[in-house]
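Colleague: Model the full structure from these sequences, guided by the hints.
Those protein sequence lines, which keep their order, are chains S and W.
Just so we're aligned: 232 in the numbering used here is position 232 of the first sequence, and the numbers increase by one with no gaps anywhere.
With positions in the second sequence counted from 1, the corresponding number in the numbering used here is that position plus 1000.
For the record, the hints were derived by calculation from the structure and aren't laboratory data.
All clues given are correct.
Here are the simulated DSS-like pairs of lysine-lysine, each with C-alpha atoms no more than 30 Å apart in a straight line:
{"hint": "1", "chain 1": "W", "residue 1": "K1110", "chain 2": "S", "residue 2": "K114"}
{"hint": "2", "chain 1": "S", "residue 1": "K224", "chain 2": "S", "residue 2": "K69"}
{"hint": "3", "chain 1": "S", "residue 1": "K360", "chain 2": "S", "residue 2": "K319"}
{"hint": "4", "chain 1": "W", "residue 1": "K1114", "chain 2": "S", "residue 2": "K110"}
{"hint": "5", "chain 1": "W", "residue 1": "K1257", "chain 2": "W", "residue 2": "K1024"}
{"hint": "6", "chain 1": "W", "residue 1": "K1267", "chain 2": "W", "residue 2": "K1257"}
{"hint": "7", "chain 1": "W", "residue 1": "K1114", "chain 2": "S", "residue 2": "K69"}
{"hint": "8", "chain 1": "S", "residue 1": "K257", "chain 2": "W", "residue 2": "K1024"}
{"hint": "9", "chain 1": "W", "residue 1": "K1257", "chain 2": "S", "residue 2": "K24"}
{"hint": "10", "chain 1": "W", "residue 1": "K1224", "chain 2": "S", "residue 2": "K125"}
{"hint": "11", "chain 1": "S", "residue 1": "K257", "chain 2": "S", "residue 2": "K267"}
{"hint": "12", "chain 1": "S", "residue 1": "K224", "chain 2": "W", "residue 2": "K1110"}
{"hint": "13", "chain 1": "S", "residue 1": "K110", "chain 2": "W", "residue 2": "K1224"}
{"hint": "14", "chain 1": "W", "residue 1": "K1024", "chain 2": "S", "residue 2": "K319"}
{"hint": "15", "chain 1": "S", "residue 1": "K114", "chain 2": "W", "residue 2": "K1069"}
{"hint": "16", "chain 1": "S", "residue 1": "K224", "chain 2": "S", "residue 2": "K110"}
{"hint": "17", "chain 1": "W", "residue 1": "K1312", "chain 2": "W", "residue 2": "K1360"}
{"hint": "18", "chain 1": "S", "residue 1": "K110", "chain 2": "W", "residue 2": "K1069"}
{"hint": "19", "chain 1": "S", "residue 1": "K114", "chain 2": "W", "residue 2": "K1114"}
{"hint": "20", "chain 1": "W", "residue 1": "K1110", "chain 2": "W", "residue 2": "K1125"}
{"hint": "21", "chain 1": "W", "residue 1": "K1114", "chain 2": "W", "residue 2": "K1224"}
{"hint": "22", "chain 1": "S", "residue 1": "K24", "chain 2": "W", "residue 2": "K1319"}
{"hint": "23", "chain 1": "W", "residue 1": "K1024", "chain 2": "S", "residue 2": "K24"}
{"hint": "24", "chain 1": "S", "residue 1": "K69", "chain 2": "S", "residue 2": "K264"}
{"hint": "25", "chain 1": "W", "residue 1": "K1224", "chain 2": "S", "residue 2": "K69"}
{"hint": "26", "chain 1": "S", "residue 1": "K224", "chain 2": "S", "residue 2": "K114"}
{"hint": "27", "chain 1": "S", "residue 1": "K224", "chain 2": "W", "residue 2": "K1125"}
{"hint": "28", "chain 1": "W", "residue 1": "K1114", "chain 2": "S", "residue 2": "K224"}
{"hint": "29", "chain 1": "W", "residue 1": "K1355", "chain 2": "W", "residue 2": "K1267"}
{"hint": "30", "chain 1": "S", "residue 1": "K267", "chain 2": "S", "residue 2": "K69"}
{"hint": "31", "chain 1": "W", "residue 1": "K1355", "chain 2": "W", "residue 2": "K1312"}
{"hint": "32", "chain 1": "S", "residue 1": "K69", "chain 2": "W", "residue 2": "K1110"}
{"hint": "33", "chain 1": "W", "residue 1": "K1319", "chain 2": "W", "residue 2": "K1024"}
{"hint": "34", "chain 1": "S", "residue 1": "K114", "chain 2": "W", "residue 2": "K1224"}
{"hint": "35", "chain 1": "S", "residue 1": "K257", "chain 2": "S", "residue 2": "K69"}
{"hint": "36", "chain 1": "W", "residue 1": "K1264", "chain 2": "W", "residue 2": "K1355"}
{"hint": "37", "chain 1": "S", "residue 1": "K125", "chain 2": "S", "residue 2": "K114"}
{"hint": "38", "chain 1": "W", "residue 1": "K1224", "chain 2": "S", "residue 2": "K224"}
{"hint": "39", "chain 1": "W", "residue 1": "K1069", "chain 2": "S", "residue 2": "K224"}
What follows is the residue order along each chain.
Number of protein chains: 2
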Amino acid sequence: MSDRVYNFSAGPAMLPTPVMERIKNEFLDFQGLGASIVEISHRLPVFREILAATESLFRELTGLPENYKVLFMHGGAQMQFSAVPLNLMSRNSHIGSYFITGRWGTLAEKEARKYGNTEVLMDGKEAQYRQIPQFDSCRLDQESSYAHLTTNNTLYGTRWHTFPDTGNVPLVADATSDILSREMDYSLFGVVYAGLQKNLGTSGTGLVVIREDLLGHALPETPKLLDYALLEEHSSIPNTINVFAVYVMRLVLEWVKEQGGVAKMEKLAEQKSGLLYQVLDQSEFYSAVADSNDRSTMNVTFHLPQTELLEKFLTASDKEGLFALRGHAAVGGARASIYNAMPPEGVEALAQFMKEFERKHG
Amino acid sequence: MSDRVYNFSAGPAMLPTPVMERIKNEFLDFQGLGASIVEISHRLPVFREILAATESLFRELTGLPENYKVLFMHGGAQMQFSAVPLNLMSRNSHIGSYFITGRWGTLAEKEARKYGNTEVLMDGKEAQYRQIPQFDSCRLDQESSYAHLTTNNTLYGTRWHTFPDTGNVPLVADATSDILSREMDYSLFGVVYAGLQKNLGTSGTGLVVIREDLLGHALPETPKLLDYALLEEHSSIPNTINVFAVYVMRLVLEWVKEQGGVAKMEKLAEQKSGLLYQVLDQSEFYSAVADSNDRSTMNVTFHLPQTELLEKFLTASDKEGLFALRGHAAVGGARASIYNAMPPEGVEALAQFMKEFERKHG
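Modeller: See below:
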């Protein structure tokens, strides 16, 4: 395993090495079946048990209240940009309200316009999304069908530390990039969704958690596989599910549990990100992208003084086995994505590398 | 590898063992990257090359004309039940015409009603879908937006041997269960789509082949990730794609090419299915589901004289390493799905088993 790099990819992201090893070891023959988990029907008991165990582990790890349903759906978070308005827009005033704190919120709001009216409650664009703007909850029309936010902004490295009070309007959260990295009170939300490819496994599939009273309001034009109520009715398998993704998610959840659960992940995330923010704060060489009050514990974003130095930084870090540190094209600079699977040693190695690079080039 | 069974699963289905071994061997470290193919960004050149190679191999294997685009989309065939009318219904009369030869056609037609009118050109229901009914092409209104069929019916074990002439109406084919098992003239079709989990790899993703003049007609309510033109514009990665599925598909296509291409797959499919149909035809014990003129080369379906014997058959075959022979609940009986990856030895073993079982219980 010594040739595995420390992988700072923003997503698809690194998975825990013990999970990867287990997938490898049982890939040709799943538990004596004589076939791989990816070669069997999703209707067989052996897969249905995996699906049920995955849901059950997720409930256990998050303390999800009983009146919430757990669904697996094709496509990642962006499929939910369509599914959320398709399923919720008809509930009330046909107005979807959006808190925009980065690129994904912008795209989500744009997509929702196909299915009703939208209202932008706030937009951090003016401050280049370096912070989560203040929000006056009086501004939210209580007739709004739902209010949507992105819990953590992968590109900019910001996050909501506390969530806004939306009264009776169901709060909908895209939690793709920080799910299971922090304790969350799910009862504050109507819907929480996430693509699986960061803290939950592999790409192509989304997880949707929905309060059960919000089911059954889909617009007539909703494609069947985007209809939350239909998914719930068929236990997420109205058609062939992404078997591999569910299987991997189950292993990831077992790993999280073994590590000590979400509280432990949160503590580790604070320590790991804290180490990198300390480097940034003590440096006159690097500059942090995110305002210190709104910093993410999952994506640490920063600039170097010049483009040339950035390229040198990326090449040199790559050589040291610190992989995929280039920032998103819309932001530039560097980004260290340190999801649950990133071991503290990886972050320590990066912090060390950053300090040495500054010493040489600062 | 001796503990791998002969896996007759209808889908997700068995994959070629050399492909499975390769996935396993490079799972922790893809080509010296120090990370798995499932742990890297879909935007990195290393993945973009896989995506391009997959398309290019598909084009080579099928002889796809240049004016056809190749797309990868979230969800399997059933996602296309929505996407087809969403993308094509507006083109002409807002009428989608359907040839119904089994369960999937029935579901496709039902879904299309959300987006326009539908017309059933024929329905094999009366004959319990044991045959592909005759079709008088005069019945098709040339103003129809498209005409849809299912090339091979997994549940019943029937297939279209030759495709109907639909004149100027684009013919749309769900080829999930026989793609790459037979030579097909793609220029006869407007759209051909397939879930990947039978002859193309693993579940969760669909392949869509579309004649380029059919792009750009999506209805306004089309979810962005179901819009063919948007997928084409973004080379199938407007958002995070199912990296694993594309990677596996590329390996499967390489394997098909090594075996001798689609013509060879077709010849093998005829030989393999021929062997099983011979057993059925020479038996007074087993009865074939499909009429002999319309038999599939991918799914061989048959009944046993009594339910008790069926259960005995399924238990005994399973013990012999002949896995997943139970027929679909809607049809009952037994089904041997023998996609490209099933080696002739597996079919020979099954034929032998069937003859012995008949000798004992007939």
